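**Q** Here's the letter readout for the chains.
There are 4 protein chains.
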Amino acid sequence: MTGVVPPLVTPLTPSYDVDTGSLARLIQYQLTGGVNGVFVLGTSGEGTFLTDEQRQVVLETVVGEVSGQVPVLAGVIDTSTARVGAHVSAALKAGVDGLVATAPFYAATHPAEIERHFTRLAALAGETPLYAYDIPVRVGTKLPTALVISLAKAGVIAGVKDSSGQEPSLRRLVMERREAGLNEFAIMTGSEVAVDSALAFGVDGVVPGLGNVDPAGYVRLFGASSAEAWDEQERLIRLFDIVDVADRSRMGASSAALGAFKAALYLLGVIDCPITAYPSVPLDEEEIAALRPLLDEAGLH
Amino acid sequence: MTGVVPPLVTPLTPSYDVDTGSLARLIQYQLTGGVNGVFVLGTSGEGTFLTDEQRQVVLETVVGEVSGQVPVLAGVIDTSTARVGAHVSAALKAGVDGLVATAPFYAATHPAEIERHFTRLAALAGETPLYAYDIPVRVGTKLPTALVISLAKAGVIAGVKDSSGQEPSLRRLVMERREAGLNEFAIMTGSEVAVDSALAFGVDGVVPGLGNVDPAGYVRLFGASSAEAWDEQERLIRLFDIVDVADRSRMGASSAALGAFKAALYLLGVIDCPITAYPSVPLDEEEIAALRPLLDEAGLH
Amino acid sequence: MTGVVPPLVTPLTPSYDVDTGSLARLIQYQLTGGVNGVFVLGTSGEGTFLTDEQRQVVLETVVGEVSGQVPVLAGVIDTSTARVGAHVSAALKAGVDGLVATAPFYAATHPAEIERHFTRLAALAGETPLYAYDIPVRVGTKLPTALVISLAKAGVIAGVKDSSGQEPSLRRLVMERREAGLNEFAIMTGSEVAVDSALAFGVDGVVPGLGNVDPAGYVRLFGASSAEAWDEQERLIRLFDIVDVADRSRMGASSAALGAFKAALYLLGVIDCPITAYPSVPLDEEEIAALRPLLDEAGLH
Amino acid sequence: MTGVVPPLVTPLTPSYDVDTGSLARLIQYQLTGGVNGVFVLGTSGEGTFLTDEQRQVVLETVVGEVSGQVPVLAGVIDTSTARVGAHVSAALKAGVDGLVATAPFYAATHPAEIERHFTRLAALAGETPLYAYDIPVRVGTKLPTALVISLAKAGVIAGVKDSSGQEPSLRRLVMERREAGLNEFAIMTGSEVAVDSALAFGVDGVVPGLGNVDPAGYVRLFGASSAEAWDEQERLIRLFDIVDVADRSRMGASSAALGAFKAALYLLGVIDCPITAYPSVPLDEEEIAALRPLLDEAGLH
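Protein sequence lines, in the order shown, are assigned to chains A, B, C and D. Just so we're aligned: 84 in full-length UniProt numbering is position 84 of the first sequence, and the numbers increase by one with no gaps anywhere. Just so we're aligned: 211 in full-length UniProt numbering is position 211 of the second sequence, and the numbers increase by one with no gaps anywhere. Just so we're aligned: 301 in full-length UniProt numbering is position 301 of the third sequence, and the numbers increase by one with no gaps anywhere. Just so we're aligned: 131 in full-length UniProt numbering is position 131 of the fourth sequence, and the numbers increase by one with no gaps anywhere.
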């Protein structure tokens with residue numbers, strides 16, 4: 001795993017079914033943008049909102065549409081090992097190239113229990129690489145650096161997606177990877193706004209939700225010299241303001257951010273309907289329209 | 001819903017299957033203790049750890065064993081409306097008497113979204129009463145009092161189980177229920193240790209995890225005069241020290257508490273194996289033995 | 001320390017000087033209400049907002065006006081032992097009957113350091129009793145029960161004011177006091193709204209901010225049978241709604257609550273000006289007027 | 001304010017007096033290291049632990065010893081405007097070149113109140129520049145970017161020291177400064193470990209606690225090309241491990257970090273005694289000795 005691997009949203013129809021036509025267009029939009037991989041059914045993909053049947057539709061559509069051009073990673077996020085295990089089996093059957101799991105959640109969990117969790121999942125995954133997804137704001141636990149390095153040494157996980165927003169901890173992980181000689185272990189940042197810094201200190205790539213909207217921008221940022229990267233990053237920071245357009249007094253933070261990504265893709269003609277999964281409150285027409293100038297300013301039409 | 005309704009643990013075999021024999025004995029232990037209902041597949045029931053198949057085994061075993069003597073409530077806790085909906089259907093098919101759902105979790109959620117969530121679930125539940133389960137430490141959101149009252153007035157929810165540990169807010173809810181004339185709306189506390197106070201200010205009953213171990217104690221507390229209730233409550237506070245016996249430096253808080261309930265039931269001869277669901281770290285023999293004097297002191301043999 | 005000991009507000013003039021005339025009337029209002037003591041320069045007294053000179057004016061005014069009729073406790077709240085020590089000396093010189101200190105704050109502090117803090121303060125206090133003030137929402141640290149009991153046994157502190165809002169922990173402290181035979185050790189709750197429960201499980205009294213406004217109400221609650229106490233507590237819970245009248249989008253929570261206490265005393269004719277200490281934003285005229293019906297409903301004129 | 005401005009520790013004697021001889025040597029160590037300014041009586045300077053008399057000794061010693069070679073900034077950190085105001089007067093009298101204040105703390109505070117606070121302090125400071133110190137972990141409030149920009153535009157504050165650890169917010173502030181044309185407004189990071197990144201995206205300098213121990217290292221980092229800066233930063237990240245040497249089960253996080261800075265300066269022969277202010281628990285001899293290899297590895301002897 002390296003480069004730009006956006007966590008794709010899941011386009012839905014107005015009646016909350018998976019919109020496979022829009023999903024196929026989103027895949028083509030990403031491939032045209034030059035991404036190095038795609039990650040489906042993650043937090044941006046509303047994986048925890050979908051039924052098992054809907055998840056299966058997403059996996060089959062994406063694997064078919066990508067057709068081997070880049071790796072497809074599948075989120076297998078759920079509350080416990082047994083429930084994640086069921087998602088692992090389904091994803092393997094669909095033919096994905098990698099699996100992405102968080103620590104267990106809802107129940108309070110200890111690092112020793114997280115270790116048991118990933119170890120069993122890796123056994124289920126077999127040859128397919130397993131990636132750890134560190135997102136404490138959703139899961140309630142930060143993956144300790146020592147645990148990540150230990151799981152890497154044991155060959156349990158092939159990499160980590162860090163969405164903790166804790167840059168010093170991420171940098172420390174990069175340093176400890178080097179000291180441990182874990183050259184094959186992938187470290188990706190989930191940040192939209194600190195990517196140039198993270199690439200400068202040694203991460204391998206980025207999994208940005210905003211990459212749904214502007215994959216080519218993150219691809220340019222990834223390949224750029226440091227001065228160019230700085231410019232590109234500042235442009236993307238401004239574009240990221242789209243997540244603040246919706247009225248937070250009437251919807252949750254997840255709905256506002258994902259709704260903005262979907263509404264932008266809708267305005268760009270990539271997907272047919274900007275709705276987010278039930279029970280999320282959708283953006284209204286005025287909010288959707290308010291995104292347009294931010295897209296224009298970022299050069300997206 | 002009124003009186004004592006313990007949230008039952010789910011006994012497991014050493015190979016992590018549901019132990020239906022032990023579960024049947026636990027039901028008899030509860031009925032002998034005089035409980036007014038049982039709540040399965042809640043937080044204490046490790047509902048989020050079990051597969052759909054295991055959940056079905058639990059529901060069928062409990063409904064069959066209880067056989068109409070007291071109401072059976074089923075937890076339908078999951079990340080989103082669609083996923084909870086699948087659990088609702090399964091629980092209705094198994095013939096439960098009530099459903100208990102939390103707000104959505106993992107994704108950050110707004111009260112307006114929680115309202116949509118419960119409204120759709122109530123439509124699925126039909127005639128079967130739906131109860132809201134307020135457990136911010138697990139879900140990340142406190143159910144606002146105004147939302148609970150509004151859902152009660154609309155007939156969406158039949159009651160609430162409050163495990164927030166915020167007594168002033170619980171009392172306020174009791175006052176607002178009275179002012180709104182919602183006499184049929186049930187308010188239960190999930191506390192083990194502030195039950196006498198909560199009953200004194202007007203809650204209808206208690207859903208105590210510790211009731212797994214000492215159902216008769218909570219039944220006595222519920223029926224007691226205030227001086228007797230105070231004595232009984234202090235005895236149960238001391239018994240609750242069993243959750244602090246396991247070593248928190250090697251397991252999570254959930255594992256330590258549920259492990260203690262199961263180990264106590266094991267020592268009392270009710271269940272065959274004290275194991276908690278994978279990936280929870282189990283109590284070791286020394287920790288299990290250390291529970292014995294606390295049970296003895298509480299008069300449980 | 002026992003009974004009702006309100007933490008008095010500090011009346012100020014429009015130019016932010018201590019208003020000694022209003023303070024004297026507040027004392028008389030409290031004594032007429034039947035309080036068992038007064039606590040000045042606490043959180044409600046805006047002690048951390050006042051200069052050393054202003055603190056001295058408050059102490060001298062109160063000691064003079066109370067004139068030995070009830071004990072006067074003085075808050076000596078500051079960031080570190082040395083700075084609290086200076087307040088201790090000043091308070092002793094003014095002739096107070098007891099001293100109330102929090103743990104150190106601003107710097108992160110360990111229980112072993114809190115123990116050193118109180119031990120040195122007790123040495124400075126000499127014969128004057130020292131009380132620990134447990135207010136984690138302001139200080140950032142909860143006083144561990146084991147530390148409180150250990151300081152009590154060592155004779156370092158004469159009691160505790162618990163404003164943690166954690167009722168189970170407070171009850172545990174009451175139980176451990178009894179087991180340790182610390183009959184002289186005073187345990188007071190800082191809650192306005194859970195006083196009947198706390199008295200029922202064994203605390204000695206209450207230090208309610210709302211007691212500024214309705215001292216007689218808390219005195220009745222303290223002396224009442226349990227059914228009467230319940231009624232009185234519910235009336236006071238409703239009166240406590242005054243702290244939610246001010247617009248939290250334009251002022252802090254402290255300003256809203258203290259501003260409401262002061263505005264109520266202003267409307268009742270006890271103090272001349274409802275202003276809170278700089279830089280707090282004051283309640284506006286409309287907000288002050290909105291308190292009147294809540295006072296009327298509570299029977300205060 | 002630009003470049004490297006370490007927040008100096010306050011050396012103490014074994015009897016907790018300010019050790020002016022050690023303080024003078026620390027100043028010379030800093031000037032020899034090439035720092036662009038010094039900041040005294042901040043968090044690292046244990047300003048909230050010292051009496052007014054001790055603060056005065058520090059200010060006079062430092063102003064005298066620095067003797068105009070670089071600017072001297074003084075922390076004026078206290079709970080409220082009035083109390084900070086007294087520190088401002090004292091610092092101005094001692095002849096400092098700048099003042100550094102946090103938002104009020106202990107009481108919960110609203111941005112409108114923080115604005116009043118800084119506005120009044122600026123009036124007291126007159127011609128001497130006032131800097132805002134953003135340290136939410138100590139104060140409990142993050143300074144909103146919009147407030148900082150607004151205070152900058154109004155000429156109330158001359159700059160900000162950001163110790164929030166929130167890099168995206170800091171970068172946003174840099175971008176908004178540029179858009180507002182506030183070219184004179186200084187933005188400094190308080191981070192020890194993300195300095196190269198912060199300099200790359202546009203901050204003006206750094207106020208690192210670790211700069212007490214290795215001022216020359218931060219001076220080199222500040223002046224370096226980006227590849228050299230990366231190397232220097234990684235060396236300093238490793239050196240920062242000294243804050244994890246002390247046993248956190250027996251002392252607070254502040255004591256462990258400041259104790260390590262002081263112990264390192266003691267081992268380097270700069271100060272005579274590594275003690276931290278009362279009631280902080282000091283490092284023991286074994287912990288102090290354990291710092292030596294980390295200093296050696298960093299090339300400090």
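In case anyone wonders, no lab produced these hints; they're calculated from the structure. All figures in this text were calculated on a predicted structure; none of them were measured in a lab. Where a beta carbon is used, it is the ideal one built from N, C-alpha and C, also for glycine. It is possible that part of the hints are untrue.
Simulated restraints, written as ranges between beta carbons of each label pair [to be verified]:
1. T2(D) <-> A154(C): 50 to 58 Å
2. E184(A) <-> G126(B): 53 to 61 Å
3. Q28(A) <-> S225(D): 36 to 44 Å
4. P14(D) <-> A227(B): 52 to 60 Å
5. D244(D) <-> R292(B): 38 to 46 Å
**Q** Each hint: holds or not?
**A** Outcome of the hint check:
| no. | hint | verdict |
| --- | --- | --- |
| 1 | T2(D) <-> A154(C): 50 to 58 Å | 52 Å, holds |
| 2 | E184(A) <-> G126(B): 53 to 61 Å | 54 Å, holds |
| 3 | Q28(A) <-> S225(D): 36 to 44 Å | 42 Å, holds |
| 4 | P14(D) <-> A227(B): 52 to 60 Å | 57 Å, holds |
| 5 | D244(D) <-> R292(B): 38 to 46 Å | 40 Å, holds |
Of the hints listed earlier, there is not a single one the structure fails to meet.
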